[in-house]
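Peer 1: Just need the whole structure built from these sequences, with the hints factored in.
Here's the letter readout for the chains.
Number of protein chains: 2
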Amino acid sequence: MNDAGATTAGEPLAIICGGGSFPLAVADAAARSGRRVVLFPLKGWADAAAIKRYPHHWMGLAQFGRFCRFARQEGCRDVVIIGGVIRPTPLQLRPDLGTLRLLPRIVRLFRGGDDHLLSGIGRIFEEHGFRLLGAHEAAPAILIREGTLGQHQPTPRDVADAERGLALIAAIGPFDVGQAVVVGGNRVLAVEAAEGTDEMLAHLAALRRAGRIRHPAKTGVLVKAPKPEQDRRVDLPSIGTGTVAGAAAAGLAGIAVAADNVITADIAELVRAADVAGLFVIGVGPAGERTG
Amino acid sequence: MNDAGATTAGEPLAIICGGGSFPLAVADAAARSGRRVVLFPLKGWADAAAIKRYPHHWMGLAQFGRFCRFARQEGCRDVVIIGGVIRPTPLQLRPDLGTLRLLPRIVRLFRGGDDHLLSGIGRIFEEHGFRLLGAHEAAPAILIREGTLGQHQPTPRDVADAERGLALIAAIGPFDVGQAVVVGGNRVLAVEAAEGTDEMLAHLAALRRAGRIRHPAKTGVLVKAPKPEQDRRVDLPSIGTGTVAGAAAAGLAGIAVAADNVITADIAELVRAADVAGLFVIGVGPAGERTG
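Chains A and B, in that order, give the protein sequences.
By the count of the working numbering, the first sequence reaches residue 292 at its end, each step adding exactly one.
By the count of the working numbering, the second sequence reaches residue 584 at its end, each step adding exactly one.
Hints should not be assumed to be uniformly reliable.
To be verified - Stretches of chain B that chain A covers, calculated by requiring three or more beta carbons in the stretch to come under 8 Å of a beta carbon on chain A:
hint: 1; region: 330-338
hint: 2; region: 426-433
hint: 3; region: 497-507
Said to hold, decoys possible - Take a look, some chain B residues computed to stay more than 10 Å from chain A by CB distance:
hint: 4; residue: E303
hint: 5; residue: S325
hint: 6; residue: A341
hint: 7; residue: H349
hint: 8; residue: L353
hint: 9; residue: G357
hint: 10; residue: R369
hint: 11; residue: L392
hint: 12; residue: P396
hint: 13; residue: F422
hint: 14; residue: R423
hint: 15; residue: E438
hint: 16; residue: T440
hint: 17; residue: E484
hint: 18; residue: G532
hint: 19; residue: A569
To be clear, the hints were calculated from the coordinates, so they are not data collected in a lab.
Glycine included, every Cβ here is placed at the ideal spot set by N, Cα and C.
Peer 2: Below is the structure:
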């Protein structure tokens, strides 16, 4: 799907913006590379103050017709969807005509898990003449690479916990569960399902405070990786300073992510937060290429 | 390991009793079958009032030497370990001499997950001349059989959710994670890790109340099954009226368990609670034998 890259690079990039700092991080990175950027902030999620820095067209989550109209008018073919959208209910959506036509299909997509929903949305964009790019394709700087990021190093035991977590995420992939687990001392302490990583960490912290889960302080690794079949263009897992704070509050030793498969809006800020909190952050390469 | 069954059936049965109502349910069932019962209640966990109904010797969790002495004195060879023991820390244990000798080995067991710990304990009993029986072997009435237990029936969609949950538990088996998941509308809503089923359900209920997880009321199935490699003699998963209350509070439609692999202390009480709460309870047979 990237064979058109050379021909669309001169065209403006459409960024459909959910919440959080990722949309502007991607916009800034694309703009720095010399590309014109047009934002399509989602009402109710996007950060209005930050959006003003770029040409933009506000839209509802279910206003696909409106998006198509303005994106074509702006000459955009490449589209990035980025930022948090807490799973909406069908009732929250106020579909425009372009969306209404797709509604039976979207309702079917909602019946599956996140994967199903997100890759289905990707296909719909493609069928309407757009090319859906991963945020990391438009802004490679947001990808976390292999290696240790900050000043704290994982112990061999932490690395073993990280490997176990990555294997577990791979095993649960077919079930479209979450993208994060916590492993400490070879024991699986938490598995993310529908609650999200922050909530999983908050719950683990509460359980440890209450003495419901016991393991030594500063042990345990938060592991994040995409599900094996995940559409990387729509939904790469992400971490940020909030993740570091959550992992620290849960008493963990650090964070391990699948290298080149997890994004962060501002790596320098992430590293600063991890260094201050005393946590390691590592990108772990594919199993076949790992040393030791 | 059951070839000695005929020769030991006349000997008294030793029951090491943790918390909850299971120990007495097993004792009553064994006593009803005409067998003499000697209880070994664990200080801090067993129900002191109920224990009095049978000959008993209180012991600390780490008093293996004391157990061996009294069990041999009583002429017991068959041992059942049953009831809740919230994962203790090594500091909580006050080992006697018999335990101290095994301590390096037990510390190693503690480094693994529950499976590792529990099957290791099973081996230790065997090596000391005891025969470890599953509670369901001494008291088959506690096993939940295949079929619908109460007056409420699962819908075909509930059955599909149950099947998905059973497949997920099988897939995470090698990671020694929990024995329970919640699946609703084909979506995995929660995966038990170290927190236990009740806490998983309480957390899910809280997330739904807060609008953090949205799915229609009265959908979703709590699914429980042993891990594939689990030592069924020491740690069959269990449900009870508390599980029914937790599932109801989480807005679920019902409970599905792997038939003949999950125990309950009092089936009549379980069915009553489920009927009142409007939940179905089903035992699901092995995949190969399922109809539809």
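Peer 1: Give a verdict on every hint.
Peer 2: Evaluated hints:
1. With a threshold of 8 Å between beta carbons, the proposed coverage of the region 330-338 of chain B by chain A is violated, since 0 of its residues qualify and at least three are required.
2. Chain A is given as covering the region 426-433 of chain B, and this is violated because 0 residues of the stretch bring a CB closer than 8 Å to a CB of that chain, at least three being needed.
3. Counting residues of the region 497-507 of chain B whose beta carbon lies closer than 8 Å to any beta carbon of chain A gives 4, which meets the minimum of three for the stated coverage.
4. Residue placement check: B:E303 keeps its beta carbon more than 10 Å from all beta carbons of chain A (closest about 37 Å).
5. No Cβ of chain A approaches the Cβ of B:S325 within 10 Å, the least distance being about 37 Å, so the stated non-interface status holds.
6. Every CB of chain A lies more than 10 Å from the CB of B:A341, the least distance being 25 Å, so the non-interface label holds.
7. The claim that B:H349 lies off the interface holds: its Cβ sits roughly 28 Å from the closest Cβ of chain A, which is beyond the 10 Å cut-off.
8. Every CB of chain A is more than 10 Å from the CB of B:L353 (nearest about 14 Å), matching its label as outside the interface.
9. Non-interface call for B:G357 relative to chain A: holds, since the shortest CB-CB distance, roughly 25 Å, exceeds 10 Å.
10. Listed as a non-interface residue, B:R369 keeps its Cβ farther than 10 Å from every Cβ of chain A; the least gap is roughly 33 Å.
11. With a minimum CB-CB distance of about 22 Å to chain A, B:L392 clears the 10 Å threshold, and the non-interface call stands.
12. Non-interface call for B:P396 relative to chain A: holds, since the shortest CB-CB distance, roughly 17 Å, exceeds 10 Å.
13. Annotated as non-interface, B:F422 keeps its C-beta farther than 10 Å from every C-beta of chain A; the closest such distance is 27 Å.
14. For B:R423, the non-interface assignment is confirmed: its Cβ lies about 29 Å from the closest Cβ of chain A, beyond the 10 Å cut-off.
15. Listed as outside the interface, B:E438 is consistent with that label: its C-beta sits roughly 24 Å from the nearest C-beta of chain A, beyond the 10 Å cut-off.
16. Taking the minimum C-beta to C-beta distance to chain A, about 25 Å, the non-interface status of B:T440 holds against the 10 Å cut.
17. Against chain A, the non-interface label of B:E484 is violated: not every CB pair exceeds 10 Å, the least being about 8 Å.
18. No Cβ of chain A comes within 10 Å of the Cβ of B:G532; the nearest lies about 19 Å off, and the non-interface call holds.
19. For B:A569, the non-interface assignment is confirmed: its Cβ lies about 23 Å from the closest Cβ of chain A, beyond the 10 Å cut-off.
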